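If you read the protein sequences in the order shown, they are chains A and B.
Residue numbers for the first sequence follow the numbering used here, so the first one is 1255 and each next one is one higher.
Residue numbers for the second sequence follow the numbering used here, so the first one is 68 and each next one is one higher.
Treat the hints with caution; some may be incorrect.
Claimed, not checked - As a list, the in silico DMTMM-like pairs of lysine to aspartate or glutamate whose alpha-carbon atoms are at most 25 Å apart: (1) B/K138 / A/E1258; (2) A/K1325 / A/D1312; (3) A/K1261 / B/E90; (4) B/K138 / A/E1360.
Don't read these hints as lab results, they were simulated from the structure.
Computed from a prediction, not measured in an experiment: that's the story for all the values here.
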Amino acid sequence: MIKEFAKHLFPRVVLRENLRFSYTFCLGGLAFTAFFALIVSGVLLLFYYQPTPDRAFDSILFLESTVVGGKYLRALHRLASHGFLCLMFLHILRVVLTGAFRPPRELTWVVGVGLLGLSVFEAYTGYLLPMDQLAFWATRTGMELLATFPGGGWLRAVLVPDGVGESLSLLRFYALHVVIVPLGIMGLSFLHFYRVRKTKGLLPYL
Amino acid sequence: MREPMHCGEPERDLRRGPRGGGEYVRSSPYFFRPVKRAFAAGLLLLALLALVVPAPLLAPANPAAPPNPAKSAWFLLWTQEVVSHGNGFAWGIVALSLWFLLMPWLGRHRPERAVWFGEGNRASSWLTLGAFAVIVALTVLAMVFRGENWSLVWPF
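Build the full structure now, drawing on both the sequences and the hints.
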């Protein structure tokens, strides 16, 4: 059933010449692969991470020093996150340079830009969770950056009502990072794949 | 293995294609095979790289001990670099984001087929490449060449 569903997300037929690796470099597919790795490694991290200011850092220490493969699991999650963002940027670049964003694919493009925005936000919300010096100050700087943008002050008040790294803020970042934003990325990804099928193929025009 | 499939109707379109040929094949297995290979190769590469690139963990968060300079996450460093010259520059980033979002509706170009640096898409291509180059350059600048009090330093 899952296999049949996956098949229906993609076009039934494709041009053979569009299957050349150098045509798309599989960048979108590779980005989704990294997202898949993020989900798997992230779910495993959930078994150890404790989203409270006084326990978060210790739970990471426990994971890295006591749990078999814990250090590797965290490295994989971090690396997949970097890979995901880089591949998303490169995929967007490829789409622009090949003109694949032009009508009738404008909705696919808008969904893709939304995916990029959510992906950056997902990475940002994950940055704070280890609660080490790097996490804390990078997140705090990010919040100061946000406040310089129109409407940023309001958004900052929503995200960090009690200050960066305090209990309510950490809980909000955690909920956004592990549930809300990933669900958004998943939903937009399927909509993106559906639009690719709807507009017939990998690139204009099948 | 299934035989390649030819669809009758698109023949007219294919003659107009820049590369000709135009043989249609079923997605299963011809399209899904490279997708599966890319998926496996991507996972394998990440799994191997994670063996040699550990995730850093510094001292516990201490609001009383700010680093100098305090830098944002690497993917936001370029925005930090931009607004470090004045908060008003944030509007430039907003304008750039809007331009990207609305790009399909800017210009009248309707490509027959997607091709790298296709005719009619050159302005968008070069503008985007330029924006990406600036973003990467600002990221490297902020990551490597920014020292105490956000001053420019030579790290080597």
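Hint by hint, here is what the structure shows:
At most 25 Å may separate the alpha-carbon atoms for a hinted pair to count; B/K138 and A/E1258 exceed this at roughly 46 Å. Distance restraint check for A/K1325 and A/D1312: the Cα-Cα separation of roughly 14 Å lies within the 25 Å cut-off, and the hinted pair is therefore satisfied. The suggested pairing of A/K1261 with B/E90 holds, with an alpha-carbon distance near 20 Å, which does not exceed 25 Å. Distance hint between B/K138 and A/E1360 is unfulfilled; the C-alpha atoms sit about 36 Å from each other, more than 25 Å.
Hint compliance for this structure: hints 1 and 4 are broken, all remaining hints hold.
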